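*Asks:* Take a look at the letters that make up each chain.
Number of protein chains: 2
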Amino acid sequence: MPLYLVGAGISARYLTLRAIQLIGSADVVYIDTYTSIAPGIDEELVTRLNPRARIVKASRELLEQGSRRIVEEAQRMNVVVLVPGDPLHATTHIALLLEARRAGVDAEVVPGVSGLQAVVDATGLQVYRFGRPVTLVYPEEGFKPYSTIDVVRNNRRAGLHTMVLLDLRLDEGRAMTVPEAVELLLSLEEELAHEEGWEPELRDAVIVGVARAGLEDGVCIAGRPEEVASASYPPPPHTLVVTAPRLHPMEAEALKTLCGCKSC
Amino acid sequence: MPLYLVGAGISARYLTLRAIQLIGSADVVYIDTYTSIAPGIDEELVTRLNPRARIVKASRELLEQGSRRIVEEAQRMNVVVLVPGDPLHATTHIALLLEARRAGVDAEVVPGVSGLQAVVDATGLQVYRFGRPVTLVYPEEGFKPYSTIDVVRNNRRAGLHTMVLLDLRLDEGRAMTVPEAVELLLSLEEELAHEEGWEPELRDAVIVGVARAGLEDGVCIAGRPEEVASASYPPPPHTLVVTAPRLHPMEAEALKTLCGCKSC
Numbered sequence: 000m001p002l003y004l005v006g007a008g009i010s011a012r013y014l015t016l017r018a019i020q021l022i023g024s025a026d027v028v029y030i031d032t033y034t035s036i037a038p039g040i041d042e043e044l045v046t047r048l049n050p051r052a053r054i055v056k057a058s059r060e061l062l063e064q065g066s067r068r069i070v071e072e073a074q075r076m077n078v079v080v081l082v083p084g085d086p087l088h089a090t091t092h093i094a095l096l097l098e099a100r101r102a103g104v105d106a107e108v109v110p111g112v113s114g115l116q117a118v119v120d121a122t123g124l125q126v127y128r129f130g131r132p133v134t135l136v137y138p139e140e141g142f143k144p145y146s147t148i149d150v151v152r153n154n155r156r157a158g159l160h161t162m163v164l165l166d167l168r169l170d171e172g173r174a175m176t177v178p179e180a181v182e183l184l185l186s187l188e189e190e191l192a193h194e195e196g197w198e199p200e201l202r203d204a205v206i207v208g209v210a211r212a213g214l215e216d217g218v219c220i221a222g223r224p225e226e227v228a229s230a231s232y233p234p235p236p237h238t239l240v241v242t243a244p245r246l247h248p249m250e251a252e253a254l255k256t257l258c259g260c261k262s263c
Numbered sequence: 000m001p002l003y004l005v006g007a008g009i010s011a012r013y014l015t016l017r018a019i020q021l022i023g024s025a026d027v028v029y030i031d032t033y034t035s036i037a038p039g040i041d042e043e044l045v046t047r048l049n050p051r052a053r054i055v056k057a058s059r060e061l062l063e064q065g066s067r068r069i070v071e072e073a074q075r076m077n078v079v080v081l082v083p084g085d086p087l088h089a090t091t092h093i094a095l096l097l098e099a100r101r102a103g104v105d106a107e108v109v110p111g112v113s114g115l116q117a118v119v120d121a122t123g124l125q126v127y128r129f130g131r132p133v134t135l136v137y138p139e140e141g142f143k144p145y146s147t148i149d150v151v152r153n154n155r156r157a158g159l160h161t162m163v164l165l166d167l168r169l170d171e172g173r174a175m176t177v178p179e180a181v182e183l184l185l186s187l188e189e190e191l192a193h194e195e196g197w198e199p200e201l202r203d204a205v206i207v208g209v210a211r212a213g214l215e216d217g218v219c220i221a222g223r224p225e226e227v228a229s230a231s232y233p234p235p236p237h238t239l240v241v242t243a244p245r246l247h248p249m250e251a252e253a254l255k256t257l258c259g260c261k262s263c
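Protein chains in written order, with numbering that gives the first Met the number 0: chain A, 0 to 263; chain B, 0 to 263.
Bound conformation, chain A alone (with noise of 0.2 Å):
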């Protein structure tokens, strides 16, 4: 029997009918809500789809650590992973899939609608000019994530816009706001930029803080730093993009009529 890792998009009017058929013909789903927020993805949704499904609420560690029990079960039963988003954004994902894989079980990836590319569609902005995404994390002692700050340099030395992924600890009850991550960004660019001796930028570029992309109550503003972190916002997930230098002037407007961007 199969296992199928199922992307579930970005809420659940964003399921697509091949992962409904699939979850409709399960024995045993897990449902991973834990690295990712998809509204309405939940136990009571798979039980309207499918009553005689067994259900099972996935932690990561679960995910990570119980892989092998979760092939094991794919030997003898059908077994849908549905995952918030697309299913192959995170390693565990992975990883799950290429265990199967060695242990000859026949595992199959469904792509779902990805928070990524919600993002990119609230802000207009074009997918052509987004260069290598990046995660910034909460700091915790003795770290903090400089690399993201290098990653957004290095695009925009590129001319390109930088996907800024907000860290999400739905099992601490933590996530990364649009204000708490322009905040962070600009610190972190302060001080390394202190340390390395070159001027900070980021204060003076278009950033773009987008809420809940997709979502009937999602917002997308965008502006200079201050005015982003300043905007009030419903609750995560939230996504920041760090334009290139220099706008396209479609996306310029882009910008000033999705996201009312003044400095665009």
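For the record, the hints were derived by calculation from the structure and aren't laboratory data. Each statement offered as a hint is correct.
It does not matter which identical chain is used: a pair holds within one copy or between any two.
Taking lysine to aspartate or glutamate and the EDC-like style, the derived pairs with C-alpha atoms no more than 20 Å apart in a straight line are:
1) Lys143 to Glu194
2) Lys261 to Glu98
3) Lys261 to Glu200
Just so we're clear, the structure is a prediction, and the values are computed from it rather than from any experiment.
Given the coordinates of chain A, assemble chain B onto it according to the supplied hints.
*Replies:* Only chain B this time, still in chain A's reference frame:
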């Protein structure tokens, strides 16, 4: 009334509940089947979902030159523009969105399962290691797409993979295949290297040919260019990935397992 730019996903099986609902309540559905391919996204499907809607097969030209008429329609009627994959991958659709907003029409973007994401999923490569994507177009008289080589080289120098989208000219009945693309890339690189005095490197790179990512008959082949070029593929859409000079161990295993790579 609103204008909805709706992502249809990579095939009819990847339609989302939200897309189905919006098609169902539309007065007019424009089907963009010219800028991209998504099997099953056609008049028959839309008729089944909404027998009373007027259906227009829309060429890129109609969506661009006829955009004012579409926007005017959306002032009186529910208009859906149904786009294969994600709706904002093409400038055409961003322009249409902005024109609607300028005219005070409530235009909304409905993300879909993106072909780019499906390609990433098919390879098992990490989405965080992709640099800027690029399109490889057919050479024409007086024009060769050398800039594609520049993007690939810059990404590789930064340790990143490159998604190379292949030219798709459905109105001319042409779609570039993986073998054609590999040959074109290698010869462009050789010419540019000769002219600028550096060593070609793509002959030794690991590249990945992906056909019909996310579809039932999808194929992924990874390896040296000659291996990838000599494999056989189902019909387009085809895409190429040029990997970074170094693969993460899990990426190497993914390319072996999912795409039969012998040199990873």
